[in-house]
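*Asks:* Sequence lines, in order, name chains E and B. According to our numbering, the first sequence is numbered sequentially starting from 72. According to our numbering, the second sequence is numbered sequentially starting from 4.
Keep in mind that a hint or two might mislead.
As the list claims (entries may be wrong) - Residues from chain E shown here face chain B by an in silico Cβ test under 8 Å; the list is partial:
(1) I85
(2) P147
(3) G151
(4) P155
(5) F189
(6) M282
(7) F283
(8) M430
(9) Y479
To be verified - Away from chain B, derived, C-beta distances all over 10 Å, residues of chain E:
(10) S86
(11) N112
(12) I150
(13) L209
(14) A214
(15) L285
(16) V381
(17) L445
(18) L472
By construction, these hints were calculated from the structure, which means they are not laboratory data. Every value quoted in this text rests on a predicted model; they were computed, and no experiment measured them. Glycine residues also receive a C-beta, built at the ideal position from the N, C-alpha and C atoms.
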Amino acid sequence: MKTVPLNTDQAPPISVPLRFFAVAPLFLILAALVLLSDSDNPFADPHMPALLAATHCITLGFMATVMVGAMQQILPVVIGSPMPASRLTARFVFLSLISGALLLPAGFALGQPLLLNFAWPLLLLAFLGFIVASLLSLARSPAHNATRTAILLSLLALGAAVVPGILLAYGYATGTLSPDAGRLAAAHVALMLGGWVLLLIVGVSYQVVPMFQLTPSYPKWLTVALAPALFAALLLNVLLLLFQPDAAWLSVVAQSLFWMLCGCFAVATLVLQGRRRRRVADATLSFFRLGMAALLCAALLAIALPLLPVVDHLETLLAILFLLGFAMSVMHGMLYKIVPFLVWFHLFRGGVKSGVPNMKEIIPEPWMWRHLWLHRATLLAALCAPWWGAAARLTALGFLLQGLLLAYALFAAISVYRRTLARLEQTQPNPIA
Amino acid sequence: MRERGLQELDVCGLPPPEPFERIMHALASLPAESALQVRIHREPYPLYDVLRDNGYAWHTTPLADGSYSIRISRSA
């Protein structure tokens, strides 16, 4: 037996993660408006400015904002080490990330180089600040577990993904895109989605799935090996993308290896969820299972791609399965679990109090179920959108309604927090202090 | 501080926030010179902040089965 260190610093105030979560739905609404503003079908051509802008509204404005906000809470809760100067770090990262996430899609959609030139330095600052603060937090963590390793690798992937992203934005802004822009873009997408997004979800799932969904733990061998194996496979793929050796079979093998590992994670998670101890319907669990099913479908499609006849838009389909099917589903599920927990925890933390609402009362579950059905319908429409223009409009409508619904749910939770806090401060001294 | 009694609480396998709620309720009724011995399936970092804020000392020991034993008492 070993005694662990006893001191931890204060967890961040609730405003630190909540400000990120509260703003994120706005970007779903913006993505919808950008898609609706295009008279053609933006999904028919991945290089259309409207699709580029809408994609960055979702990946940068929604997903990165949620992930950066969640990290400020996850680091102290899961590995016992908050970010240094948490309020200051949160303000700095929030302002630069949100400004950059507004300007970059605006620059793409409006074809305004000036906006791109404002966007990329802000995003560089945001990610640099976030990565440095997160790495310091990891370095000071008393925990040495598989989640810490996965988070570290996801941050390294993020750092590596930012470089081609900035080069591309600068190239677009100044009209100096190099002939290698296609390869840079592929490396940027691979590192962002296959590295930062996937590895963070993998690492957090090791904790969140058993904890909140009452499943058995992931097998130890899997938690130790999966994130480093995914990272190594990703690096191999990126090197092959950048240097493009003559042996094309090498890329097929490397891609298959990466997607097989993704499939392993999805299957392992679905199997664990099938063995959960409490078999009650739960919208957040259903979001998570939808995400894992979509990741498994994406993995199967990606592995089968080299064997299939050439059909237009299959790679767009793969991106939709990964982005909307896997990543966005999991993020919605996590938000609906994390936000009520945060509100409840910050109300309860002063001690035992009557009048603190039950966690299930903070965001009414019927709203989560409505959101789940809406998200399923949006995903279905998006999967048809590359071939069917009307489905692209339905996808945009789905984003719009999801943004409004999520904003309503999050502001309802914030409102419960404020009302309850005001009442508790007026009526109750702390009984155990 | 001398401890006169030791209460035990096992919250292994309970979903959040039940472990936290049960620990806080147990502490609220804990006699001044007693200690609470908690067994929990994961290390509850957020609990430590709350314990410190409310004047408790604690001592965490990882167990061989992956769970944790936490001894909580009033700060001296």
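*Asks:* Now look at each hint and say whether the structure bears it out.
*Replies:* Here's how the hints hold up against the structure:
Given the 8 Å rule on beta carbons, the hint for I85 of chain E is violated: about 12 Å separates it from the nearest Cβ of chain B. Because the smallest distance between the Cβ of P147 of chain E and any Cβ of chain B comes to about 6 Å, under 8 Å, the interface hint for this residue holds. Here the hint on G151 of chain E is kept, as its CB sits about 4 Å from the closest CB of chain B, short of 8 Å. The interface hint given for P155 of chain E is broken, as the beta carbon of that residue sits about 16 Å from the closest beta carbon of chain B, more than 8 Å.
Because the smallest distance between the Cβ of F189 of chain E and any Cβ of chain B comes to about 38 Å, over 8 Å, the interface hint for this residue is violated. Interface restraint check: M282 of chain E against chain B, minimum CB-CB distance 6 Å, threshold 8 Å, status holds. At a threshold of 8 Å, the smallest CB-CB gap from F283 of chain E to chain B is about 6 Å, leaving the interface hint in force. Because the smallest distance between the Cβ of M430 of chain E and any Cβ of chain B comes to about 6 Å, under 8 Å, the interface hint for this residue holds.
Taking 8 Å as the C-beta cut-off, the interface hint given for Y479 of chain E is violated, the closest approach to chain B being about 24 Å. With a cut of 10 Å on Cβ distances, S86 of chain E stays outside the contact zone with chain B, its closest approach being about 16 Å. Every Cβ of chain B is farther than 10 Å from the Cβ of N112 of chain E; the closest lies at roughly 44 Å, confirming the non-interface assignment. At the 10 Å boundary, the C-beta of I150 of chain E falls inside the reach of chain B, the nearest C-beta of that chain being 8 Å off.
Once the 10 Å rule is applied to beta carbons, L209 of chain E is consistent with being away from chain B; the minimum gap is 14 Å. For A214 of chain E, the requirement that its beta carbon stay farther than 10 Å from each beta carbon of chain B is not met, with the minimum near 7 Å. Residue placement check: L285 of chain E does not keep its beta carbon more than 10 Å from all beta carbons of chain B (closest about 5 Å). Residue placement check: V381 of chain E keeps its beta carbon more than 10 Å from all beta carbons of chain B (closest about 48 Å).
Interface exclusion of L445 of chain E from chain B stands, the closest Cβ pair being 26 Å apart, more than 10 Å. Listed as outside the interface, L472 of chain E is consistent with that label: its C-beta sits roughly 30 Å from the nearest C-beta of chain B, beyond the 10 Å cut-off.
The structure shown violates the earlier hints numbered 1, 4, 5, 9, 12, 14, 15.
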